[in-house]
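Enquirer: Join these two chains into a complex; the hints should help.
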Amino acid sequence: MSSTATANESTASADGVGAVALAPVNARLSAEEKIELFRQMVRIRRFEEFSIRAYQQRKIGGFCHTYIGQEAVAVGSISVLGADDHIITAYRDHGHALAVGMTMNECMAELYGKYTGCSKGKGGSMHFFAPKRNFWGGHGIVGGQTPLGAGLAFALKYLGKSGCCLCYLGDGAVNQGAFHESLNLAALWKLPVIYIIENNYYSMGTSQTRSSAGSPLAKRAEAYDMEWDVINGNDLYEVREKTEQAVRRAHEDHAPAILEMQTYRFRGHSMSDPEKYRTKDEVEERKQNDPIILFRRTLEEEGVLDEEAAETIDQEARAEAKASADFADQSPEPPAEELFTDIYKDDAQLRASLEAQKQKL
Amino acid sequence: MAKITYRKAVNQAIAEEMQRDDNVFLMGEEVAEYNGAYKVTEGLLDRFGAKRVIDTPISECGFAGLGVGAAMYGLRPIVEFMTWSFSLVAIDQIINNAANIRYMSGGLIHIPIVFRGPANGGVNVGATHSHTPENYYANVPGLKVVCPATAYDAKGMLKTAIRDNDPVCVMENTILYNEEWEVPEDEYLIPFGQADIKRKGTDISLIAHGRAVLAALEAARMLKDEEGIEAEVVDLRSIRPLDIDTIVESVRKTGRAVLVEENKPFCGVDAQVSHVIQDRAFDYLDAPVKRVSALDVPQPYNDTLEKMVLPDAQRVYKTCLAIL
Ligand SMILES: Cc1ncc(C[n+]2csc(CCOP(=O)(O)OP(=O)(O)O)c2C)c(N)n1
Ligand SMILES: [Mg+2]
Numbered sequence: 001m002s003s004t005a006t007a008n009e010s011t012a013s014a015d016g017v018g019a020v021a022l023a024p025v026n027a028r029l030s031a032e033e034k035i036e037l038f039r040q041m042v043r044i045r046r047f048e049e050f051s052i053r054a055y056q057q058r059k060i061g062g063f064c065h066t067y068i069g070q071e072a073v074a075v076g077s078i079s080v081l082g083a084d085d086h087i088i089t090a091y092r093d094h095g096h097a098l099a100v101g102m103t104m105n106e107c108m109a110e111l112y113g114k115y116t117g118c119s120k121g122k123g124g125s126m127h128f129f130a131p132k133r134n135f136w137g138g139h140g141i142v143g144g145q146t147p148l149g150a151g152l153a154f155a156l157k158y159l160g161k162s163g164c165c166l167c168y169l170g171d172g173a174v175n176q177g178a179f180h181e182s183l184n185l186a187a188l189w190k191l192p193v194i195y196i197i198e199n200n201y202y203s204m205g206t207s208q209t210r211s212s213a214g215s216p217l218a219k220r221a222e223a224y225d226m227e228w229d230v231i232n233g234n235d236l237y238e239v240r241e242k243t244e245q246a247v248r249r250a251h252e253d254h255a256p257a258i259l260e261m262q263t264y265r266f267r268g269h270s271m272s273d274p275e276k277y278r279t280k281d282e283v284e285e286r287k288q289n290d291p292i293i294l295f296r297r298t299l300e301e302e303g304v305l306d307e308e309a310a311e312t313i314d315q316e317a318r319a320e321a322k323a324s325a326d327f328a329d330q331s332p333e334p335p336a337e338e339l340f341t342d343i344y345k346d347d348a349q350l351r352a353s354l355e356a357q358k359q360k361l
Numbered sequence: 362m363a364k365i366t367y368r369k370a371v372n373q374a375i376a377e378e379m380q381r382d383d384n385v386f387l388m389g390e391e392v393a394e395y396n397g398a399y400k401v402t403e404g405l406l407d408r409f410g411a412k413r414v415i416d417t418p419i420s421e422c423g424f425a426g427l428g429v430g431a432a433m434y435g436l437r438p439i440v441e442f443m444t445w446s447f448s449l450v451a452i453d454q455i456i457n458n459a460a461n462i463r464y465m466s467g468g469l470i471h472i473p474i475v476f477r478g479p480a481n482g483g484v485n486v487g488a489t490h491s492h493t494p495e496n497y498y499a500n501v502p503g504l505k506v507v508c509p510a511t512a513y514d515a516k517g518m519l520k521t522a523i524r525d526n527d528p529v530c531v532m533e534n535t536i537l538y539n540e541e542w543e544v545p546e547d548e549y550l551i552p553f554g555q556a557d558i559k560r561k562g563t564d565i566s567l568i569a570h571g572r573a574v575l576a577a578l579e580a581a582r583m584l585k586d587e588e589g590i591e592a593e594v595v596d597l598r599s600i601r602p603l604d605i606d607t608i609v610e611s612v613r614k615t616g617r618a619v620l621v622e623e624n625k626p627f628c629g630v631d632a633q634v635s636h637v638i639q640d641r642a643f644d645y646l647d648a649p650v651k652r653v654s655a656l657d658v659p660q661p662y663n664d665t666l667e668k669m670v671l672p673d674a675q676r677v678y679k680t681c682l683a684i685l
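Line by line, the protein sequences are chains A and B. The first sequence begins at 1 in the working numbering and counts up by one. The second sequence begins at 362 in the working numbering and counts up by one.
Since the hints were derived computationally from the structure, they do not count as laboratory data. Where hints are given, some of them may not hold.
[As the list claims (entries may be wrong)] Calculated cross-link-like contacts (lysine-lysine; reagent style DSSO-like; alpha-carbon spacing at most 30 angstroms):
no. : chain 1 : residue 1 : chain 2 : residue 2
1   : A       : K280      : B       : K412
2   : B       : K561      : B       : K651
3   : B       : K614      : B       : K585
4   : B       : K559      : A       : K276
5   : B       : K651      : B       : K614
6   : B       : K679      : A       : K276
7   : B       : K400      : A       : K360
8   : B       : K668      : A       : K345
9   : A       : K360      : B       : K679
Bound-form chain B, shown alone (with noise of 0.2 angstroms):
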C-alpha cells in the first residue's frame, strides 16, 4: 500500500468529495490561491475553481456563521480554520447557530457543515495560537468532534464529516501534516463513535486521541522492549460521539488504564474517559486511573518549556511503570 501525507490525505479527501458533491464547497483564509497556510489545499483552486475554493478575507465569525446559514439551504460547506487558535473569534456561530439550531426547531432544519483545521501546541508560537479546544466543543450537544492521529484516519473521517448531515468540527495537527501512513487507493469510509485498537495488549491500556496516540505507541513500545509488557493502544478518533464500548472492553481485558492527550487537563477530554472508566469497569480496576495530558498551564513560547507541557513517550512510561 503506498504511503502518504497526512497532508495529502486531508488533501484527497476534500477533492474526491468535492469531486462527488457539487454542493460541497470550502472556504478560509488563504485556502485557494496561496494553496493553504499549510498548503493542505494545494491545487484544488486549479481543479475546482474559484466557485468552489474560496479565499475569504480574515473574518471568522462572519465566514463561519456564513457557512452555517449556506448549510441551511442544502449546501455543504468544508469551513477551514487556518487553526483552531482562529475559531475562537467565531465560536458563537459555531456553538450557538451550528449546533442549536437543528434542536431548536424541533428537526426542522439540519446544518451538514464541516469546519476543520489544525489544533495542536508543539511549535513555539505561543499561549494564542497553541490551543486545543477539543474539549470545548465535545462540550457541546448538537456538534461532532473527531481528532485523527494518522493519514488513515484523517482521510477515513474527512469523507464521513463531509457526508455527515450535522456539524462536524475535524482537528488536525500541523506536527502530523509532514507524517507519511499506508492509505488505500480505494475509497473507503471510517465510521464515527469507532475507537480504533492501534496496538493489542493484555497488561495495560493507552487510551489517546490525536497526536498523543504516537506518544503512547512509543511508550508501549519502550514498555515492551524495557519492561516486557505488553500495553494495548486504543485510539479515540472520535471524542464526540465517544466509543465506551471499546474502552471499557479494553480496561476490562487489562485492568490498568493511563489517558493520554495533548489537551489541557482540566475538565479535558479524558476527564470524561475516565468518568466512564469508573462508571463502567470500576470492578475490573487492578489500580487507579492515571492521565498523562498536557501541563495545566498556558503554553509557554519558549521550546524547551514547551516541551515539558506537552505529554511525551517518557511521561507516559513513567505513568505506566507507576501502576503496573
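Isolated chain A (complex conformation) (with noise of 0.2 angstroms):
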C-alpha cells in the first residue's frame, strides 16, 4: 500500500494544518456558502447511492460509474469558477454534472436511458453535457477529452475571453498519448487549460504504481515548463485554494497547469468489480479521510455547521435523489424517431436516407 500516504502528507506539508482554511478565496466564504458546498457534496453522495440502488434493481444498464469519495474534487474546484470557465471530464462525470447544477432529474433520466435526461436517453452514464452551464462532457475514451480541454482553452483565447478550461483525467489516463500530445500543445501554445488528476490510485484493477512511471503524476508537468501542484483532493478548502490560483495564473497569463488531486474512489470501478485487487482495510482505512466527513468535522469547529443542520441537508439529499429516482421512473422513454436525430446538425441531404429507414422500422 505504498500509494497511500500521499494524500496526508500533502496536507502535512502545506504551511501547516488549519492554515489551509485562511487562504482569501476559502476565508471570503460566507456561513451560508460554505453549508451550500457541504450540500453540494452531499447531493452528489446520495445520488451516487441511489444510482447503484437503481443499477442493482437493473433499471440502469451499461456501466455506472460512481463517484463516491471524491466529492471534494469536483465541488472544490468548480465552485472557484467564473462566468467564462469551462469544464470536461471524463466517464465518471455525474459528480461534475451536479457541482456544474445540473439537476438530479436530468441525470438520474439519463442513465434510466429516459427520454428526460440530458441527452435524451441517448448518451447514458458516461456522456452526460451541458454546454448552457460550460459543462463538454462526459467522455467515455479514455484520455479523450483531453485534446478537447486544450481546444476549449484556444478558443477562449481566440475569442478573446478571460476564460479557462478544467479538463480532468483518471491516474489512468495519464498515460495515453492524447494527453502527452495536449500538454505539449497547451504549454507551447499558451493555453489556459488546467489539467485535474484525480488521483483515486486505480484504474480499474491496476494500482496507480503498477501503470505509471514517475512520481508524482503531475510532475509530467516540468518536461513542459508547465506549474504543476500535488494536492489533498479530500480538503475541500485546499482544493478550493489551490485550483484557484491556478485559473487566476490561466487568466492573467493564459498558463496552462497540471493539478493533481489525490483521493480515492470507495466503491468499485463501475457496478460488477469484485475489488479483489485491493484489501477491505485499506478501503476501509481511506474512508477514514472521506472528503464529506472531514468538510463536516471543519465546519462544526467552526461553528457554521451543527449536527442537526448537517442531518437536515443530508435528509433533504437522500429525498431529493429518491425523487430523481423516481421521476426517472415514471419519465417516458424516447421515441423511435429520436434514433434519426442529432446525428448531424446540417442534415438536409441526408435525411431522405434516415427517413427510408425509419419507415422500415
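Expert: Right, dumping it as C-alpha cells:
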C-alpha cells in the first residue's frame, strides 16, 4: 500500500494544518456559502447511492461509474470558477454534472435512459453534457477529453475571453498519448487549460504504481515547463485554494497547469467489480479521509454547521435523490424517431436516407 | 463432445498456443492480475507468468505499436483490446505500421501479430463503446479480419491467427462469451477464408458474420416452422480473406440472398458481399439482394432503442418474406 500515504502528506507539507482554511478564497466564504459547498457534496453522495440502487434493480444498464469518495474535487474546483470558465471530464462524470448545476432529475433520467434525461437517453452515464452550464461532457474513451480541453481553452483565447478550462482525467488516463500531446500544445501555445488529475489510485483493477512511471504524476508538467501541484483532493478548502491560484494564472497569463488531486474511490470501478485488487482494510482506512466527513468536521469546528443542520441537509439530499429516481422511473422512453435525430446538425442531404430507415422500422 | 463457453474457447486457444511456442505472449489492459475485464484470460498469469502475460497501462497506441515492433523482431504478440472500440486510439499502428511494413519493405519484414477483443453493441454502453470496426480494418490490404460466431470457430480461428505470419484482427463479442457450444478436446485449426454452412437449405441464402449468424439461424428456424421454407445459413467467419466461392455457390443454388450483419450498413462488410454476389451470381438471382444490418445511426444508450438498432431474427425473417 505504498501509494496511500501521499494524500495526508500533502496537507502536512502545506503551511501546517489549519493554515489552508485561511487562504483568501476560503476566508471570504460566508457561512451560507460554506454550507452550500457541503450540501453539494452530500447531494452527489446521495445521488450516487440511489444510482447504485437503481442499477441493482436493473433500472440502469451498461456502465455506471460512481463518484463516491471524490466529491471534494469536483465541488471544490468548480466552486472557484467564473462565468467564462469551462469544464470537461471523463466518464466518471455524475459529480461534475451536479456540481455545475445540472439537476438530479435530468442526470438520473439519463442513467435510466429516459427521454427526460440530459441527452434524451441517448448518451448514458458516461456521456452527460450541459454546454449552457459550460459543461462539455462526459467522455467515454480514456484520455479522449484531454485534447478537447486544450481546444476549449484555445477557443476561449482566440475569442478574447478571459476564461479557462478545467479538464479532468484519471490517474490511468495520464498514460494516453493524447494527454501528452495535449500538454505540449497547451504549453507551446500558452492555452488556459488546467488538467486536474483525479488520482484515486486505481484505473480499474490496476494500482497507480503498476501503471505509471515517475511520481508524482503531475510532475510530468515539468517536461513542458508547466506549473504543477499535488493537492489533498479530500480537503475541500485545499482544492479550492490551489484551483483558484491556477485559474488566476490561466486568466492572467493563459498559463496551463497540472493539478494532481489525491483522493480515493470508495466503490468498485463500475458496478460489476469484485475488487480483488485491494483489501477491505485499505478501503476502510481510506474512508477515514472521507471528504464529506472531513469538511463537516471543519464546519462544525468553525461553528458554521451543527449536527442538526447537517442531518437536515442529508435528509434533503436523500429526498431529492429519491425524487429523481421516481422522476426517472415515471419518465417516458425516448420515441423511436430519436434514433434518427441529432446525428448531423445540417442533415438536409441525409434526411432522405434517415427517413427511409424510419419507414422500415 | 463437451460444451464450453466462447470465453473458455478463447482462453484455451491462447493457452495452447502459448504452451506450444515460447515466442507467443499476451498483453493488454487488465489481462493478467484482473484475469481480463471479461475474464477471458483467467488463469493465464498463474500459468505462464508475468513475463508472458502482461498488464499494460491505458496506452493502446503505445502497446499496439510495441507489439508490432516486437513482431518485427520475431515475437508473436497477442494484443488484447479491452474492446475494439478502444483500438481506435491505436488505429495508426494497426493500419500504417502492422498492415504496411511488409509491403513497404519489399517483403523483408513480416508482422506475425494478433489484435483481439470484443467488438459489439447491444450492451447499453453508448456510442463510444459499441463500435463494430470489422469493415474499417477489412478495408486495409495487409490485414486479415475474422469474426467467429461460436466457441468452436473462436478457438480454431484464434489458434490459426496466432500461427499466421501476418497481422490478424480477431473480433469477438461480449454477448457471446457466456454462450456454450460443442468444442472437441483434440486440437484443430480453422483455416481463414473458409465460410461455414451453419444450416443447409435450398430456398434462400442467409449470409452472416459474428453474432448476426445466430439471428440468421433463428430466422431460418422461423422460416421453416412457419412457412416451410428451407433457408441456408452461410457464416462467413473470416471477412478478409473472404470465401467468395462458398457465397457464390450458395446463392447460385438458392437464387436469393439476405445479408445479415451487426456492422453499420454504409460501406459495411455486406456492401462488399452484395457486390460479390451481383458480380458472380447475377444470372442466378430471382430477387434483389437484401441487407439486414445495424441501423445507420450511432449506438444509442437507451436499451429499447438499441435493440431496434441491431438486427434480430424478426427483421431477418420479414426481409426474407419480402423477396420469397
Ligand atoms: C481508450 C480506452 N481504453 C480503455 C477503456 C476502458 N476503461 C474505462 S475506465 C478505465 C480505467 C481508467 O482509470 P482512471 O483514468 O484512473 O479513471 P478512474 O476510473 O479511476 O476515474 C479503463 C481502462 C476506455 N474507456 N478507453
Ligand atoms: Mg483512477
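Enquirer: Does each hint hold? Answer for all of them.
Expert: Results of checking the hints against the structure:
1. A:K280 to B:K412: holds (29 angstroms)
2. B:K561 to B:K651: Given pair K561 of chain B, K651 of chain B holds - Cα atoms ~19 angstroms apart, limit 30 angstroms.
3. B:K614 to B:K585: Distance of about 18 angstroms is within 30 angstroms: holds.
4. B:K559 to A:K276: Since the Cα atoms of K559 of chain B and K276 of chain A sit roughly 41 angstroms apart, the hinted pair is violated (cutoff 30 angstroms).
5. B:K651 to B:K614: holds (17 angstroms)
6. B:K679 to A:K276: violated (47 angstroms)
7. B:K400 to A:K360: violated (38 angstroms)
8. B:K668 to A:K345: Answer holds: K668 of chain B to K345 of chain A is near 25 angstroms, not above 30 angstroms.
9. A:K360 to B:K679: Judged against 30 angstroms, a Cα distance of about 11 angstroms means the pair holds.
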